[in-house]
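Going down the list, the sequences are from chains F and W. Quick note, the first sequence lines up with residues 16 to 420 if you use the working numbering. Quick note, the second sequence lines up with residues 16 to 420 if you use the working numbering.
Possibly wrong hints are sitting among the right ones.
Same chains, same names: a pair is fine if it fits in one copy or spans any two.
[Said to hold, decoys possible] Pairs of lysine to aspartate or glutamate residues, derived as EDC-like cross-links and limited to a Cα-Cα distance of at most 16 Å, are as follows:
(1) Lys142 / Glu41
(2) Lys142 / Asp17
(3) Lys369 / Glu253
(4) Lys25 / Asp63
(5) Lys22 / Asp161
(6) Lys356 / Asp256
(7) Lys369 / Glu41
(8) Lys142 / Glu158
(9) Lys241 / Asp114
(10) Lys187 / Glu21
(11) Lys326 / Glu147
(12) Lys66 / Glu186
(13) Lys22 / Glu175
(14) Lys187 / Asp114
(15) Lys222 / Glu186
(16) Lys356 / Glu337
(17) Lys22 / Glu73
These are computed hints drawn from the structure, not numbers from a lab. Treat the numbers as computed from the prediction; the structure is a model and nothing was measured.
2 protein chains.
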Amino acid sequence: MDYITEKFSKLGCDNAPGQESLQKAEVLPMEGDSIPGTPVDFSHGDVDAHKPIPGSLERFVEGYVVGGGHQAYTEYRGKAGIREYLAEKLAQFSGAPVDPATELILTPGTQGALFLAMGSLIGRGDKVAIIEPDYFANRKLVEFFDGELVPIPIRWTECEQYSGLDLQALEKAFQDGVKLFLYSNPNNPTGVTYSPEEVAAIGRLAKQYNVAVIADELYSRQLFDKNLAYTHLRALEEKPDTLITIIGPSKTESLSGFRLGVAYGSAHIITRMEKLQAIVSLRTAGYCQSAYLNWFSEPDGWMEDRIAAHKAIRDDLLKVVEKYPGCWARPTEGGSYIFLKLPELKVTLTQFVKLCRAQAAVTVTPGTEFGPQFTQWIRLNFSQDHQAAVDAVDRVCQLAMRYQA
Amino acid sequence: MDYITEKFSKLGCDNAPGQESLQKAEVLPMEGDSIPGTPVDFSHGDVDAHKPIPGSLERFVEGYVVGGGHQAYTEYRGKAGIREYLAEKLAQFSGAPVDPATELILTPGTQGALFLAMGSLIGRGDKVAIIEPDYFANRKLVEFFDGELVPIPIRWTECEQYSGLDLQALEKAFQDGVKLFLYSNPNNPTGVTYSPEEVAAIGRLAKQYNVAVIADELYSRQLFDKNLAYTHLRALEEKPDTLITIIGPSKTESLSGFRLGVAYGSAHIITRMEKLQAIVSLRTAGYCQSAYLNWFSEPDGWMEDRIAAHKAIRDDLLKVVEKYPGCWARPTEGGSYIFLKLPELKVTLTQFVKLCRAQAAVTVTPGTEFGPQFTQWIRLNFSQDHQAAVDAVDRVCQLAMRYQA
């Protein structure tokens, strides 16, 4: 197999949100009848159940009608006025200043921010430390850019709060020459957050060993417990010399259909990211950029209501899970994911996921997307219609009982 | 310098459309007064002067309002119904069938199509043949993917029609192990097209030497002379085993602000492109995808009027150029570019380009973006307000006289 064929053989997206229709048909070891109920796709959020920030569509129309050519052809890093607006909002949000001219770039979704940041930071053969479990694209990006993956565990199943980051493993990896460390906070798929001490340790070690850091804070506006401190790495005194923070309005704010994201931090990396953007897709769609202007300016109470609605869904899902022996999940601290542990099954995880679709009309993401060892786990995005989600999780747990080893 | 720093030092986008504000200030060897006139930015088209396809905004609104979550979360390769629509249109347009399920992907602009196609075809160290001059991102993409650039000249200044492709150089390159050949037809920046014989030779040689081909046909709907045959490589009997054709509605159709493009061709490469898209930016913005549905279904006469308007601008610009000794351009056969040769200057090309902006309020793209040897050339995108463009080219030519060596 030649280099490029091999490279792409490692990349896959059949289990990614929205991709199920591409999967090959397979004869499944099916037992029993289907369990009827409203179909639910837990692989991504439902923006019909939780609508985009009010006025987003109107912003797009304004960008098209009033902005015209100026809105269509922005700088590759995004329209200056929008960067100025966001720099102020993000400085306030994250607790440290942001220079709109040099330290921020608008990207096509947070995925775009992640791709550009990793492409700007990973040299061929560089060691890259990532958390296991963490967002599935992280490992694929390391492979695509010919980096070497160094997995760092979190022991979230062994603690009641925060991530349980293995700091010894992290320091060992940094000592062994890791160039870049990437983590999502809140963590995807577990929904745990990193404690102030954990984030401080990341900052101290990255500084000490000269490791660049990408902090993926996509879900950092959706935190369920005000008594649990959330720490932005970039706000600390002791932090890495090279640090990029990424965030976007695709999740809590339901703007995924606009493809908006942002990366902010070290100016020399933002410059690289723009150079890369220039050959990747030029810029975030110009008219869509207008919709950034409602982000961080949601109507009074809108964010609070959204967070409360998701907390209520989370609580009800966990009540369902508790009823089924062998099923377990830690309560989500931030974001819309539940990482659900299943009992040992007599079918493979891939088969179970397909059985959920075939027999319960429920789409879930297999845990192995987040680390090869998570063969007994599935991820659920619970940003769904409340009752439909509760019923659907019940069906999934029923199937887990049916296919238990 | 480490690997990644060196890589990015070769990438640049300060001279790219819309990026002028990022350029460093410089003391210019300025002579004489400014020449007053309406500012014109020839680095890209003016979508206020030439509006997007009617109904495009309405399509977006419909995608948002009616499509909702289904429109926001399409498959990474794009919404199935839209792929079916486009496959039919593109099959008809290009003269060969397209399977919407396997042979087509929607991309964020034609730039997105180019990036994904090249990322899917260039292995580290692979030789990649590109035309000189050709679109400036081509060479940057080869460098980014660690390919080795093999330039192939066209001798368009020596012929009155078509590209003057150096077929001997092309065959030599293919014999020497080129894996991928990329060309734009109509050519950017010269506006020349490839003759039926030239395209047939590309097909024959690529087949013979097993070279993959990317045919960038972005401007292929905007052809000015009906007596000049246009050939789609994919419609030929003898064609490469691996062939990707790219096109998009950002230029003639003025939809750049939506970031829409498409790649179609060999299914195994489309599959790779989708895998890459999954880690680059997930998908073309969902609501924007709706606007594809008006493309290739423009109102009766709309495309004809658009082409006629551009032909009229082209003719008037060439009349201006002819008045100035030492200035020269071949009449554009397709697309909206004029590649203008200047007399020998006593300032550098970079300085001349900046002088045009400082003294004539005109933005042009330096020829060196299209090949290092084009130090006496500038590119003009003449999709502008007709009269403003005519006046602006006159000012540029006046400055060329002023700074003549």
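How would you classify Lys369 and Glu253 at a CA-CA limit of 16 Å: within, between, both, or neither? Intra 47 Å, inter 43 Å, cutoff 16 Å: neither.
My question is about Lys187 and Asp114: at a cut-off of 16 Å on alpha-carbon distance, are they close within one copy, between copies, both, or neither? So Lys187 and Asp114 fail the 16 Å test inside a copy (34 Å) and across (51 Å) alike.
Please sort Lys142 with Asp17 into within, between, both or neither, judging by C-alpha distance up to 16 Å. between (23 Å within a copy, 14 Å between copies)
Between the shortest in-copy and the shortest cross-copy C-alpha distance, which are at most 16 Å for Lys326 and Glu147: within, between, both, or neither? neither (25 Å within a copy, 59 Å between copies)
What label fits Lys25 with Asp63 when the C-alpha limit is 16 Å: within, between, both, or neither? neither (34 Å within a copy, 45 Å between copies)
Using 16 Å as the alpha carbon limit, work out where Lys356 and Asp256 are close: within a copy, between copies, both or neither. neither (38 Å within a copy, 47 Å between copies)
Up to 16 Å CA-CA - Glu337 versus Lys356, copy category: within (11 Å within a copy, 75 Å between copies)
Alpha-carbon proximity between Lys22 and Glu175, which holds within one copy, between copies, both or neither at 16 Å: Cα proximity of Lys22 and Glu175: none, with 39 Å in one copy and 45 Å across.
From the Cα coordinates, with 16 Å as the cut-off, is the pair Lys369 and Glu41 best called within, between, both, or neither? Cα proximity of Lys369 and Glu41: one copy only (9 Å, versus 62 Å across).
Indicate which option fits the pair Lys22, Glu73 if close means a Cα-Cα distance not exceeding 16 Å: within, between, both or neither. Close neither inside one copy (42 Å) nor across copies (41 Å); limit 16 Å.
Under a CA distance limit of 16 Å, which applies to Lys142 and Glu41: within one copy, between copies, both, or neither? neither (37 Å within a copy, 40 Å between copies)
Quick one: Lys142 to Glu158, C-alpha cut-off 16 Å, is that within a copy, between copies, both, or neither? within (11 Å within a copy, 22 Å between copies)
Hint compliance for this structure: hints 1, 3, 4, 6, 9, 10, 11, 12, 13, 14 and 17 are broken, all remaining hints hold.
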